[in-house]
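*Asks:* From just these sequences and the hints, can you work out the full model?
Now for the letters of each chain:
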Amino acid sequence: MNKLFRNTLIILAFSTIVFSLQAQDDATDGHEVSIKIPEVAILDVEPNGGSFTLAPEKPEEAGLALDFTNSKNDDLWLNYSSIVGSNTDPSRTIDVKIEDGGAVPDGLLLKVTAGADNGTGDGVMGSPVGELTLSNTAQKIINGIGSCYTGSPEKNGHQLTYVLELNEAAGSYGKIDFDQSTDIKIVYTITE
Amino acid sequence: MIKLLSLKRMSRLLFFTVLVLMQYTVYSQVSFNASGSWTSFISSNLEAGSNFSSGYTSSSNQVYISATTTKGKGKAGNFGWNVSVHKEDSNWHSSLGLSVRRTGSGNSTSNGNGGGLIQGGTAFQGLSGTTSAFFSGKKGHTDIPIQYQVTGVSVLIPSGVYSTTVVFTLTDQ
Chain A
1 MNKLFRNTLI
11 ILAFSTIVFS
21 LQAQDDATDG
31 HEVSIKIPEV
41 AILDVEPNGG
51 SFTLAPEKPE
61 EAGLALDFTN
71 SKNDDLWLNY
81 SSIVGSNTDP
91 SRTIDVKIED
101 GGAVPDGLLL
111 KVTAGADNGT
121 GDGVMGSPVG
131 ELTLSNTAQK
141 IINGIGSCYT
151 GSPEKNGHQL
161 TYVLELNEAA
171 GSYGKIDFDQ
181 STDIKIVYTI
191 TE
Chain B
1001 MIKLLSLKRM
1011 SRLLFFTVLV
1021 LMQYTVYSQV
1031 SFNASGSWTS
1041 FISSNLEAGS
1051 NFSSGYTSSS
1061 NQVYISATTT
1071 KGKGKAGNFG
1081 WNVSVHKEDS
1091 NWHSSLGLSV
1101 RRTGSGNSTS
1111 NGNGGGLIQG
1121 GTAFQGLSGT
1131 TSAFFSGKKG
1141 HTDIPIQYQV
1151 TGVSVLIPSG
1161 VYSTTVVFTL
1171 TDQ
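Going line by line, the protein sequences match chains A and B. For the first sequence, the numbering used here assigns the number 1 to the initial residue and increments by one for each residue that follows. For the second sequence, the numbering used here assigns the number 1001 to the initial residue and increments by one for each residue that follows.
Hints listed in this document are in silico derivations from the structure and should not be mistaken for laboratory results. Be careful, since some hints might not be right.
Stretch-level coverage of chain B by chain A, calculated; a stretch enters the list once three of its residues show a Cβ under 8 Å from a Cβ in chain A [claimed, not checked]:
id, region
1, 1039-1045
2, 1048-1059
3, 1137-1144
4, 1148-1159
Glycine included, C-beta positions come from ideal geometry on N, C-alpha and C.
*Replies:* Structure (structure tokens):
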């Protein structure tokens, strides 16, 4: 009887171990995989560090005005990459301004036009607003940018066309002063 | 005296009978465990106008799987098992693709007993909501390394965190 009792205890003990082992795992297991797509809002003017000079041509005949016909430049391109958040930032815009401290010489106007995206990238591209007269106040030049990329560098994205013109307002020609020749910096900012 | 001997025999008989049953239970056991997870943070450091790289790969041992089956003794089984895999999306983007592969064989738990074979699953295979065969093996293997690859990453996908659960299922052969 003692052996029977002892054997029964041993059996019960082994049974407990077995049931404990079986409870640890089963035939199915899994885990989570997460991909975090970051918010992106970056832009660039290409070629990097590009600069140009706009200057009206001297008149060929005494008595004529400065010739602004060739006072334009379209060498630069605006590239950007954007990922919007459907709830927090559904779209972005790009603003443009003359950097604080810079100014267009008196009697003249500096205008810029962003062309339509040239289609080498993908996504929801922004829409240019048309020609703007630049000042020290930021103005929207491209609206409605979604998640997209324009491609990089030059020849991708939006071509920028700058034009230097005589201000049509009365008395502007008399304000032109060759001592006001200056360097100015144009700043583009994409909203975050 | 006769009665006592019968009790002893009955006791031994019962003891060994239960032990054999326990052995059968143990040898029928299927054990499976997956440990680890993967969170891929896509860097926002890219050239203006450019897109993300499409594919991102985890470390070669991002997740470990342990699989054992002792089925075989007392039955016609061969200690073999199959692992299948599928994913269960919780917040996943349809443009993203997820693939998985086995990068090693882990550690065999049957040293000195012929070792355990493990084969298949070494090439990336895409995951879907439908279970598909992944790899197979025999006897016990722990710490089988698993690697993931995500494709289709693009700035065209809204920012956010996209998650899915990868489910491995072990079945006896």
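*Asks:* Taking the hints in turn, state whether each one holds.
*Replies:* To see whether the hints hold, each was checked on the structure:
For the region 1039-1045 of chain B, the stated coverage by chain A holds: 6 residues have a C-beta nearer than 8 Å to a C-beta of that chain, and at least 3 were required. Given as covered by chain A, the region 1048-1059 of chain B passes the check, having 5 residues with a CB less than 8 Å from a CB of that chain where 3 are the minimum. For the region 1137-1144 of chain B, the assignment as covered by chain A is violated, since 0 residues bring a beta-carbon within under 8 Å of that chain's beta-carbons and 3 are needed. Counting residues of the region 1148-1159 of chain B whose CB lies closer than 8 Å to any CB of chain A gives 9, which reaches the minimum of 3, so the coverage claim holds.
The structure fails to meet hint 3 from the earlier list, while all remaining hints are met.
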